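If you read the protein sequences in the order shown, they are chains A and B. Each residue of the first sequence is one higher than the one before, starting from 85 at the first, in this note's numbering. Each residue of the second sequence is one higher than the one before, starting from 41 at the first, in this note's numbering.
Don't read these hints as lab results, they were simulated from the structure. Just so it is clear, the structure is predicted and the values come from calculations on it, not from any experiment. Built from N, CA and C at the ideal position, the CB exists for glycine as well. Please note that a few of the clues may not be correct.
To be verified - The calculated label-pair distances, taken between Cβ atoms and stated as ranges, are:
1. A:Leu207 x B:Gly125: 53 to 59 Å
2. A:Gly343 x B:Gly203: 54 to 60 Å
3. B:Gly269 x A:Phe248: 54 to 60 Å
4. B:Ala174 x A:Gly129: 41 to 47 Å
5. A:Gly206 x B:Lys84: 17 to 23 Å
6. B:Lys84 x A:Lys100: 31 to 37 Å
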Amino acid sequence: MRTILAAALVRRCEDKDFAFLTGDLGFMALEPVRAAAGARFINAGVAEQNMVSVAAGMARLGFRPWVYSIAPFIYARAFEQIRNDVCFHKLPVFLVGNGGGYAYGVMGATHHALQDYGALLGLPNLKVYVPAFAADVPVAAERIARAGGPAYFRLGSDETPKNFVLPAYASWRRLLVGGGPTLIIVGPLAGGILGAAMQRPTEIRPTLWVLSELPVLADEIPAALVEDIQRSGHLVVVEEHVAEGGAGQALAYALLLRGAAPQHFSHRHALGYPSGFYGSQNYHRKECGLDPQSILALTEKP
Amino acid sequence: MAQKTTFDPRWGAGPILARGGVSCVADPENRVTTPDAQQEVAVKELHRRARLRLLRMHYESGVGHLGGNLSALDLLLTLHHRVMGKDDLFVLSKGHAAGALYVTLWSLGRLSDEELVQFHKDHTRLVGHPQADAIPDIVFATGSLGHGLGLSAGLGLGKRLRGQPGRVFCLMSDGEWNEGSTWESLIFVAHHGLAAVVPIIDLNGLQGFGTTTEVADLGCLADKLRGFGLEVREIDGHDPEAIRDALSVEMPVRPMAVVARTVKGHGVSFMENRMEWHYLPMSAEQYAQAVEEAKRR
C-alpha cells in the first residue's frame, strides 16, 4: 500500500502546503516523493519525537505535513508529541504508520502495532483511517487531506480477491451478502476473508462489511448495517488489534447507545503471542483465529 | 496578509498562523524606546513593576512555581520588549514559567490586569502551563519538557521553506536537557542549519528534585552545544543589556544558542537557589517581605 500512497502523494506535491517527513524509513518506496517534493521532503532521522514536533511547528505555519514511519515507531514512540503538539492544537499533521497489526511478522513484537488505534483514539480531534485494499489508499489519502485535522493512516498489505469488483472507498462498505451472521472486518484483514467467503454458498456465508474509519460513532453506523445485524441476530467483529480499545468494543458500545444491540456478539482480535513463538503475519493471525478458515468456521457454526 | 483565526471551543484553533502570521510580538506603543540614560531607568522600572506583578499574581492565586518564573522573567521581558519584531515567534519550552510569560504579555498590554487575577482559577485562560489556543499570543501549549525546541525547529524550517523573515526564540530550562527529545531537536537544528531558531537556556542550576549537577550532570552545557556546531553566547541572564546584546544580532550564518546564567528565585533573597520555591506558594509574611525586596531593586 505504501508505494500506492507514495504515488498519490507525488500528485499532492504541487500543493505548496505539502510536506513529507520520514523517520529514516521508506527505502524502495518513498524515492518518488523525495524527488517530487524537493526541500519539502525531510528525512528527520531516527528521531520520531522530534519529527512529530517539527511537523506540528510546520503545520502552525500553514503546512500540511505527512509524517511517516512504521506503525509502532510513529504512534508509540511519539505519543506525547502527537497528543500535546498535534492533537491539542487540532493541526493538520497526517501520521502514516506502515504495517499495522502483525504486518512485520517475524521481525518481532517491537515491530508490531497491536494497540495503535486503541491508544490514539482517546486523543482529541484525531481520526484513524485503515484502508482495506490498495485501491482505497489514494481515496482515503484525499479524504485525510480534505478533513484537515490530525490523522493516523494505518497501512497494511493488499489482499484484494481476484475478480472482485470493489465498491468505492467509504468508511463503511458492505462487500458481500449472505444468510449467515453479520461480519464486520477492520482494514486489510478483510481481503483474505472476503476471498474465502466468496467461495461459500450464499445461504451460509456471512454478510460481510468492512470498516475503514475510526472512531465508530453510534449515529454514523449505516442503517443497512443495523438491519443486517437485527436480521442475522449475530454480529462478529474481526480486527488485527487487541480487544482493549479496539473496534469490537467500540461497536458494542455504539450499538448499545443506538438501541440496536445484537442478540449474539463475537469478537476476534489480536491476542499478542499466546504460544511464545513468532512467525509471519499469517502465522500470528492463525494463532489468534484471525485467518479466513477460522473466521468462516466461527460464522458457519450451527 | 490577514490572519485567519478561528477558535474551536473545545480544543482550540488549529493552524492559526496561516501565511506570515505572527505571535507574541511587542506592541510598538508599549515598547521601551527611550534614549540611553532614560532607557536604563525605564528598563529598570519595567522589570521592577513586572516582578512585583508576578509576585502579586502568584500570591493572590496561592500558586508556587515561583523560582523558575523569577529566573526567566528578565529574559522574557527583554526578549519581548527589546528584541523581538513583528516577524519573530516565541515558544516557551519551559512551560512552568507561564506566570512570567503572562506578566510579560501584561506588560505589553496584551493581557489585562483583570485577566491576571484569573491565574490558576476555575474557568480561566491563564493555566499553570500555557493552554493550547487559549491566548492568541501563545503559539503552542507546553508544560511537558522536551517539546519546545522541536516545535521551534518546525517553525524555523517552515519559515525557511516559505521564504519568510524572522526568528524563532525558544526559552528552555536547563533541566529539560535531561530529555532525549531535546537532543533529537538539537541534532535537527544543527544538521539543517536552522539559524532562525534560537534556543535560550535559563541555566538556573536547579531542577525538580535536586541540582542539575546532582541529578544528571552535563558538565558545561555551552561546550556541549558548541560540540554540535552552534555558536554559543554565555551571558548573565538577569542583565537586560547583556540579554539584548546577545539576541539582537543579524541572522547568524550558523545556529546560535544563548546560555543565560540565572538564579532560581532571583530578586527575593529567601527564594534564591532554594529548591522549595519550585513548588511552594508564599505566606502573607513571605509575600510582604518579597514585595519589600522587589521594590528596592
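Outcome of the hint check:
1. Taking 53 to 59 Å as the suggested C-beta distance range, the pair A:Leu207 and B:Gly125 does not conform, at roughly 36 Å.
2. The hint said 54 to 60 Å for the Cβ distance between A:Gly343 and B:Gly203, and at roughly 57 Å that hint holds.
3. At about 56 Å, the CB distance of B:Gly269 to A:Phe248 agrees with the hint of 54 to 60 Å.
4. Distance hint check: the CB atoms of B:Ala174 and A:Gly129 are about 33 Å apart, inconsistent with the given range 41 to 47 Å.
5. Distance hint for A:Gly206 and B:Lys84: a CB-CB separation of about 50 Å, inconsistent with the stated range 17 to 23 Å.
6. Checked against the given bound of 31 to 37 Å, the beta carbons of B:Lys84 and A:Lys100, roughly 47 Å apart, lie outside it.
The structure fails hints 1, 4, 5, 6 (numbered hints given earlier, in ascending order).
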